[in-house]
Structures are given as C-alpha cells and as structure tokens.
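**Student:** As a plain string of letters, each chain reads:
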Amino acid sequence: MTAMLNVKDLRAYYGQVQALHGLSFSLNEGSLTTLLGANGAGKTTTLRAICNMVRSTGAIEFEGKPIGTRSTENVVRLGIAHVPQGRGTFTNMTVEENLQLGAISRSDKGAIGSDIERMYEHFPVLKQRYTQQAGTLSGGEQQMLAVARALMLRPRLMLLDEPSFGLAPLIVRDLFRILGKINREEKVTILVVEQNAQLALELADQAYVIETGRIVMSGNAKDIANNEDVRKSYLGY
Amino acid sequence: MELFANQVLAGIATGAIYACMALAVVMIYQAIDHLNFAQGEMAMFSTFVSWQLMQWGVPYWGAFVLTVAFSFLAGIVIERLLFKPLAKAPILTNVAGFIALYAIINSVAGLIWDFTIKQYPTPFGSSPFLGSQLISTHQAGMIGITLLMLLLLFFFFRFTRVGLAMRAAASLPESARLVGINTSWMIALGWGMASAIGSIAGMMIAPVVFLEPNMMLGVLIYGFAAAVLGGLSSPFGAVMGGFLVGIFENLVGTYIPGVGNELKLPIALALIIVVLVVKPAGLFGRAIVKRV
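Which chain is which? The protein sequence lines are A and B, in order.
Numbered by my numbering, the letters in the first sequence go through residues 120 to 356 in order.
Numbered by my numbering, the letters in the second sequence go through residues 10 to 301 in order.
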C-alpha cells in the first residue's frame, strides 16, 4: 500500500507557543486511522496544520505533492475535507444550502444534485429537514450534516475532529457505523481525532497516540486496544 | 391628507437612495467588520464618471451601464490595493485608511471636475407621474430602479453558487475556507458590488442634490442612520431602514415646526444615537454574542 498522506517533522506554533514538537506519521490509502490523546496533546493542531490553519514547519505531502505552503482553500480543493471541532455548521442557512456549500469548489455541477440525494440516503434525518435552518438541528444532526457536507466535496481524504464530542452514546455508535461504511464503500481515507479512545479503536484499523505534541505510540488499532499498559497510561480506560 | 401622502411618497423615493447606500455599507461591514466612510465619495466619483461619459456624447443608459461596470472594478481594485493589506491591522488603522480614501477621492474629484455645482440629467423626466401630483416621474424612476436592483441582488444571493459562497464567507470565514471558498476574493467581490450599488445611488440622487464633490456627504449620513436603524448585521434591515429613514426625514421636516431643511441632517445623527442607545442591534439585526 502507498502512503496517501505523509507528515514529517511537523512543528506548529500559536504565537510563541509551540504546540507540536516534530510529529511524523503517514496514512495509507483507503485506511481509517485514529489519532488519540488527552486534552491539549495536539490532536486538533495536527489536523489544523494539515489544512494550513495554523503556522507550522515540516513537510506535508498529499499523494506525492507537498501541500505545506498551500492556502487552506487550496488544500481543500485537492480533495481533503476537514470536519472541524464544533462542526463549523452554517447555522443561518438551510440544511440543503450547507450541503451545496460542501460541493461549492467542484466543477462538475451536474453531479451535485445526485450527490445530495446520496447524502440523504446515508443520513435520512437530513432529508426530513432539508429546508430547515441548520442551526435548529440537534447536536447529533448537526454532526451528521457536517460529515455529509464534507463528503459533498467527494474527498479523497477526510479529517474529522472529535466527531463524538457532546453526543449521546447511541448517536455516536450510529455516526461511527456510517463512517466505517463510507470508508469501505466510497473508498474515502479517513483520519479521525478522538478522545473516546475505546470507540475509535473499534472503528479504526491504524492508530497513533500523541502526548504533548509528540507521537508516543503507533500501530495496528487492535494491538493498541489489547495492550493493557498503553490503555492505562495513555488512553485512560 | 394629500400633503401627507406626498411627503410619504417623496420619502420613499429618497429612502430608496438611502437604502442603496445602507446596503453598500452593510455589505462591506459584513465582509470586513468595518464601516466604509468613503462609500459616499466612491459613489460621487462614479457619478462624475457617468457625467463625463455623457459630456463625451455617450447616451444616458450607455453611460449608466459603463459606470456601474467601472465602479465594480474600481471597488475590487481599492480592496486589493488598500484594504487587503490592512485585513489584520487594528481597527484604528482601518479607520485611518477609510478617512484617507475619503479625502483622496474627494480631492481628486475636485481636481478633475472642480467644485462648481453641475446639473445632472434624469432619464425619467420630472413631470407628474401618471398625471398625479403626488410624485414625479424621476422619483418613481428612483424607486423602480432601486426595487429592480434589490430584486436582482436577492436572486443572486439566494440562487447562485457565487452568491451562496459570498454569504458563507461573510457568516463563517473559517468554515467557508474549509469547503474550498477563497474568502479573500469573496471580500473583493463584496467591495465591487457595494461600489456598484453606490454608483447607482449616486446617479439616481444627482438630479436632486446636483453634482459636486460633496454631494454624497449628507446622503451617506442618512445611509449610516438607515444601516444602524435596520441593523448592521442585516442587509434586509438596511434596506428597510433606508425607506424608514427617508419617510421619517420628510415627515419630521414637514410637520415639526422649526425643523425645516436646516435641521434634517442632525435628525439623522440623533436617530443613530437613539438606536445605538436603545436597541444597538437595530430593528432587524441579531445581537452578536461573542464567546470570550
């Protein structure tokens, strides 16, 4: 398997404060990888650095192309969809407008309508509410909408920042089931950042654990889930 | 009663112009969170350009279309050259930039076309509209052009992809970039459109206030009053505010003794202060709550 995303020696800064201290990792094409770690470990910063939303140094290659100097919107246009923390929903627009915005950088306008229909199949609840203002949706529905909006890009790689945050356990299960399905059926490579390590390790095939801006553990998700020492020291369950 | 109807209709006609200026101000405010003090001067300069074109023999509507196109491009150029570099600068730096722009455009217009007052033509004539003494054909034309423009803007923002992208960039820039929208160019486009809207307002009001470099000063203050009254966060509110301010201005000038023409402008300023004290978000705006 070839590496789709290659990150080498990534360092990121918020003003004078360094948040990442030389992170290196890679994602295989078609994989579902999870990035685990405690609060403040640098998970969100890693995703933001990939999309150039935070000042960083190091090498980031996507499908062989260096993307470190591209603007956020030009990284996205390569096919990297990012579902940010807090979902980034356009709350004063309708559900359907949110989905159309997901596809706004695509040039194949004809296919957008059928893609929206496909999203309604993945997430039936969105279909019932397509004329509703997105801000009136529940937290779980907004997370579904955020994932659907990201998929409207027809991404090659999807980055998800704590999709389980603030959601009821049943809804999280449902969401993760859909993510697995999208990964398998639509061949979208997925990197999901999570605090809910147990659930994320069930879903993922690869895992990285980071602590204070460094990778401290990597490997097969099952191995990490079965390693009691790792679970106790880093994952807290 | 006829006086009342007459004043209300005249108020709607000038209110249409205030609505345009308020809308232009709000469009830029939504994009960059600053009030464009030079909006009126930009409109004035555009109006002079159209006048110059007519002096060179271009027919009215030809000059009108060329001027709108020129203003659109000029708005984009101003944003790229002056305000894009200031995007991350403090508020006061931006305010200084706007004041500089105001002074520069005002002086350059005076240099090119001097400060004498000029007649400006109206394509609608100024006879009574449909034989009624209530409103002139020019006033009816002002209202008609404004409503047509508002309708086109509504369709643009509601039903086109670029309009959707502009709305997204104005409401949540970071999310907009994450769906691949070039928010920087959306801001430039907003400047272009605001400038074009202003030029239409300038060309419509010029037959009433006459053409000279300071013609838009009062109009812009009414425009600000309209934007504040309707709510700086709401383009629809800005338009409604424009019409309300126009009607209010005329009724106060007619019925409150001692106000007359001289005190009309302070009334607009008083209105700004009252709204900011009583209902800062305006009639149609949403109060902005920022997490800290």
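Treat the hints loosely; a few may be bogus.
What the hints assert, rightly or not - Across the chosen pairs, the derived CB separations fall in these ranges:
(1) B/PHE166 x A/ASP293: 26 to 36 angstroms
(2) A/ILE297 x B/LEU82: 43 to 53 angstroms
(3) B/SER180 x A/THR188: 37 to 47 angstroms
(4) B/ALA98 x A/ARG333: 32 to 42 angstroms
Stated by the list, open to error - From the derived model, a few chain A residues whose C-beta atoms are all more than 10 angstroms from chain B:
(5) SER143
(6) THR191
(7) ARG196
(8) ALA200
(9) ARG248
Claimed, not checked - Partial chain B-side listing against chain A, Cβ under 8 angstroms, derived:
(10) VAL17
(11) ALA105
(12) ALA109
(13) ASP123
(14) ARG170
(15) ALA179
(16) LEU181
(17) SER184
(18) VAL188
(19) LEU272
(20) LYS273
Honestly, the hints are just simulated from the structure, not real lab data.
Every residue, glycine too, gets a C-beta built ideally from N, C-alpha and C.
**Student:** Taking the hints in turn, state whether each one holds.
**Tutor:** We went through each hint and held it up to the structure:
Take B/PHE166 and A/ASP293: their Cβ atoms lie about 35 angstroms apart, and the range 26 to 36 angstroms holds. Separated by about 47 angstroms at the C-beta atoms, A/ILE297 and B/LEU82 satisfy the suggested range of 43 to 53 angstroms. Between B/SER180 and A/THR188 the beta carbons are some 28 angstroms apart, a value that contradicts the proposed interval 37 to 47 angstroms. Our hint of 32 to 42 angstroms for B/ALA98 and A/ARG333 holds, since their Cβ atoms are close to 36 angstroms apart.
At roughly 24 angstroms, the least C-beta separation between A/SER143 and chain B is larger than 10 angstroms, which holds for a residue marked as non-interface. Against the 10 angstroms criterion, A/THR191 falls within the reach of chain B, whose nearest CB is about 4 angstroms from its own CB. Non-interface call for A/ARG196 relative to chain B: violated, since the shortest CB-CB distance, roughly 5 angstroms, does not exceed 10 angstroms. Taking the minimum C-beta to C-beta distance to chain B, about 8 angstroms, the non-interface status of A/ALA200 is violated against the 10 angstroms cut.
Listed as a non-interface residue, A/ARG248 keeps its Cβ farther than 10 angstroms from every Cβ of chain B; the least gap is roughly 18 angstroms. Interface restraint check for B/VAL17: the shortest CB-CB distance to chain A comes to about 33 angstroms, outside 8 angstroms, so the restraint is violated. Using the Cβ-Cβ criterion of 8 angstroms, the hint placing B/ALA105 at the interface with chain A is not satisfied: the shortest such distance is roughly 26 angstroms. For the restraint placing B/ALA109 at the interface with chain A, the shortest Cβ-Cβ distance is roughly 29 angstroms, beyond the 8 angstroms limit, so the hint is violated.
Because the closest C-beta pair between B/ASP123 and chain A is about 46 angstroms apart, greater than 8 angstroms, the hint is violated. Here the hint on B/ARG170 is kept, as its CB sits about 6 angstroms from the closest CB of chain A, short of 8 angstroms. Annotation: B/ALA179 was flagged as interfacial toward chain A, and the flag is violated, the nearest CB pair being 10 angstroms apart, outside 8 angstroms. Hint status for B/LEU181 relative to chain A: holds, with the closest Cβ pair at about 6 angstroms, below 8 angstroms.
Look at B/SER184: its Cβ gets to within about 4 angstroms of chain A, closer than 8 angstroms, so that hint holds up. Annotation: interface hint on B/VAL188 holds; nearest CB of chain A at approximately 5 angstroms, less than 8 angstroms. The closest approach between the C-beta of B/LEU272 and any C-beta of chain A is roughly 39 angstroms, which is over the 8 angstroms cut-off, so the hint fails. For B/LYS273, the shortest C-beta to C-beta distance to chain A is roughly 36 angstroms, which exceeds 8 angstroms, and the interface hint is violated.
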